[in-house]
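Join the two chains, each given in its own frame, into one complex according to the hints.
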Amino acid sequence: MELRRGCLILAVLAELRAEHYGYALRKALASRGMAIDENTLYPLLRRLETQGLLLSEWREEEKRNKRFYRLSPGGRLILDQLLQEWQNINSSLTRIVEGEAWMTES
Amino acid sequence: MDLLNRYLHAVGFWLPKPQQDDIIAELSEDLRSQIEDRAAALGHSLDDDGIAAILTERGHPMLVAGSYLPQRSLIGPALFPAYQFVLKLVILWILTPIFILMVGPATVLSSGNPFLGLAETAWTLLLAAVFSMGIITAIFSILERYPHESTFQWNPRRLPAVAPAQASQPPKIVSRFNAIVEVLAGLFASLLWIGLMWSPHTLRVNGIVIAPTPVWRSFFWPILLVTLASPAAGLFTLLRPRWMRTRACVALGAHAVVLILLGALSNMGPWVRVVAPGVSIAGVANANHWTNVSLSIGFAFAFIGTLVAAVGEARLLARLNPAQTPGPVTVRR
Numbered sequence: 187m188e189l190r191r192g193c194l195i196l197a198v199l200a201e202l203r204a205e206h207y208g209y210a211l212r213k214a215l216a217s218r219g220m221a222i223d224e225n226t227l228y229p230l231l232r233r234l235e236t237q238g239l240l241l242s243e244w245r246e247e248e249k250r251n252k253r254f255y256r257l258s259p260g261g262r263l264i265l266d267q268l269l270q271e272w273q274n275i276n277s278s279l280t281r282i283v284e285g286e287a288w289m290t291e292s
Numbered sequence: 153m154d155l156l157n158r159y160l161h162a163v164g165f166w167l168p169k170p171q172q173d174d175i176i177a178e179l180s181e182d183l184r185s186q187i188e189d190r191a192a193a194l195g196h197s198l199d200d201d202g203i204a205a206i207l208t209e210r211g212h213p214m215l216v217a218g219s220y221l222p223q224r225s226l227i228g229p230a231l232f233p234a235y236q237f238v239l240k241l242v243i244l245w246i247l248t249p250i251f252i253l254m255v256g257p258a259t260v261l262s263s264g265n266p267f268l269g270l271a272e273t274a275w276t277l278l279l280a281a282v283f284s285m286g287i288i289t290a291i292f293s294i295l296e297r298y299p300h301e302s303t304f305q306w307n308p309r310r311l312p313a314v315a316p317a318q319a320s321q322p323p324k325i326v327s328r329f330n331a332i333v334e335v336l337a338g339l340f341a342s343l344l345w346i347g348l349m350w351s352p353h354t355l356r357v358n359g360i361v362i363a364p365t366p367v368w369r370s371f372f373w374p375i376l377l378v379t380l381a382s383p384a385a386g387l388f389t390l391l392r393p394r395w396m397r398t399r400a401c402v403a404l405g406a407h408a409v410v411l412i413l414l415g416a417l418s419n420m421g422p423w424v425r426v427v428a429p430g431v432s433i434a435g436v437a438n439a440n441h442w443t444n445v446s447l448s449i450g451f452a453f454a455f456i457g458t459l460v461a462a463v464g465e466a467r468l469l470a471r472l473n474p475a476q477t478p479g480p481v482t483v484r485r
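Keeping their order, the protein sequence lines are chains A and B. Heads up, the first sequence is in my numbering, so the first residue is 187 and it goes up one at a time. Heads up, the second sequence is in my numbering, so the first residue is 153 and it goes up one at a time.
Pulled out of the complex, with its shape left as it was, chain B reads as follows (with noise of 0.2 angstroms):
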């Protein structure tokens, strides 16, 4: 009976003290019942074996303990709908635009090692998810316990309305999350070309000076104008949502503006200067060189990305019908 004992003492473990005699007593009461049966019906007293096999049969002791505890949840069904939603708000549409638009940039180019800075970013971002998760998760545990009485009072008179069409007709489905981003791409994208344009910076890394040419100087209003035209889009989607085909053309627009200045850019290189003190004429002439093939390399996918993205946007308009202009439109979390 030594394995029953230490099994008894190991379930005792994980069980609440004010509880623990009382459901061990039953526990070894019932297990012995079943040790006698078990012996009876063989005919013989049973050995280590036979018990280690009743022990086995019961399960593991902190989850035979675990059946006698109440079952618990942190956050509850009810708020859990709710408390995904806020960490989906929290982290991935303000945590991770904030890191990908101000604190990456301003780090990679304070940093010495533009790889450095990602990472440092990307760390830093973690940690912020994580400890935003801990705070939401505790704030929402504190409601779970301690409801408030207000928490689901409603009042069916004040729900968002919804236009007429939407109801009947099946949704177009426009990303909130998107048209955010693109907003914000675009805004940061715009500013980030007039200050490379006001005062034009060079890249660093390990001595080696990487500068664009004067070629980009030409290009300056138009390049300016599709980076506009990126967050007037995502401002059609977010403040007019049912003005579908005016998006699409302002987008079709800005695509096609894009593929000319990508077709006239890349027959216009050399793009960028490469200056390495202490290198030999043939090393920095080779680093030009494949330098400015990685920048041809680039414009040539994004050209690709361009079309493809192009075509979307058209197939969008083709699919519009005028008759239904404005068309409704779901704007998704």
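Pulled out of the complex, with its shape left as it was, chain A reads as follows (with noise of 0.2 angstroms):
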């Protein structure tokens, strides 16, 4: 539950380096394998924006008048060092498995 919580938020930031309103984000991000709830998107992203890593706007599309968000500056150090993090959790898992799947096959 925790892991997921923390990869939905590396997700969103990620998908919203560039523009997108709530319902297509949801939409890409599912259409990248990372179906998300909407009660729990749309609370993330205020969130997240609260914390002054997003920034949205509300503009006129389609003749109606949609939220838009994207990653604020501040929001794309944030990823990159998400990113980092993550990427060395994931060395150290992988070796702790493959260590683990060493010890059981011998």
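Because the hints were derived from the structure by calculation, they are not lab data. All clues stand as given, with none of them false.
Computed beta-carbon distance windows for the label pairs:
hint, chain 1, residue 1, chain 2, residue 2, range
1, A, Glu205, B, Leu239, 46 to 54 angstroms
2, A, Glu188, B, Pro170, 29 to 37 angstroms
3, A, Glu246, B, Trp166, 23 to 31 angstroms
4, A, Glu205, B, Pro233, 44 to 52 angstroms
5, A, Ala221, B, Arg471, 54 to 62 angstroms
6, A, Gln270, B, Gln223, 24 to 32 angstroms
7, A, Leu189, B, Arg190, 30 to 38 angstroms
8, B, Thr398, A, Ser278, 50 to 58 angstroms
Sample of chain B residues at the chain A side, in silico, Cβ under 8 angstroms:
hint, residue
9, Glu181
10, Asp182
11, Gln186
12, Arg210
13, Gly211
14, Ser219
Over 12 angstroms on every C-beta distance to chain B, these chain A residues come out as not near it, computed from the model:
hint, residue
15, Leu189
16, Arg190
17, Gly192
18, Ala200
19, Arg218
20, Ser258
21, Gly260
22, Arg262
23, Ser278
24, Leu279
25, Arg281
26, Ile282
27, Gly285
Beta carbons are placed, not taken as given, at the ideal position from N, Cα and C, and that holds for glycine.
Okay, structure coming up:
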């Protein structure tokens, strides 16, 4: 549960390097295998915006008002740090899991 | 779209005013996009059933609104262990013994009907527990919101000392709560016994008088000795938790005396006398007979219970290796 929550934040921040409105962001994430519940996504977007990691603006598109989100400059820095940390953790975990597999085989 | 508007209104009801319009506008846009997508996939516009299905998938309005609100808790995980400890201390260690040993007996003795007295005590205890819980919760929720700098300041040098052997040997668990109850119950029983023998009381229920017979007077000192043994054993546990063998010896001796007393008492009935004005002689004799039969059954149960407790103490004594004595003990909270 905690693992998924952390990964969702990374996925949302990474996807918002390009501007999206909520519904389009949800579809984009789902098409890449990271389906996210609406009741999780929108509160998460608001929280990230409050923390200064995202910027948003209401704009009219296809005759409807939509709220567009994009990564803020601060958010871009945090995303880089998070990705670096995630890669370190991933490498460590891979070594641990592979070591475990090696011990099981021998 | 009437259903959609009703849904949005229902969600808005649970949202804080400053964010209400913004959240509802975004939620509305998302739901409309979803409705359009599904209509496009089906090739026709959605009827009420189709829209209702989408809204049902989205969730109960209150839960949807709740997901936008910050996670809040009255008492957070940092203070919760302390909160739980204080609750347990006040309700289990302070209120309950006071009610069982002081308020309860006083209420029962002053009440005309012992059952009503018991019910009144239980109700008052419940009210006191709920009131205490409310006050403690309020204090901790204030501490949660306005934490003081010193709350989590600590010094490793001020942590309580641990007996050297305690770290290396498996602890023998003795409940501190049980020890406190043992002391209080023993003292109360001793005082009650002295009071009863000093000025013999009678129990009056609806005009029927139940009085102890003189047979009890010959057991005054042995029974007093047994009632005082209980607080002595409890005090050993509290003040000298490492004197496990002494404590077990005192408890075993007390159990042995109780067994002898119960054996002697059960052969010396009748133990109470029932007087019921206005009732026939046969009726009074019947009441006397059955009251004393009930007491003899009570003695039998007490004998079995004491025997079981004595066997438990004897086994504990056997497990305590003299080489380890005085053995370490952990007093469990």
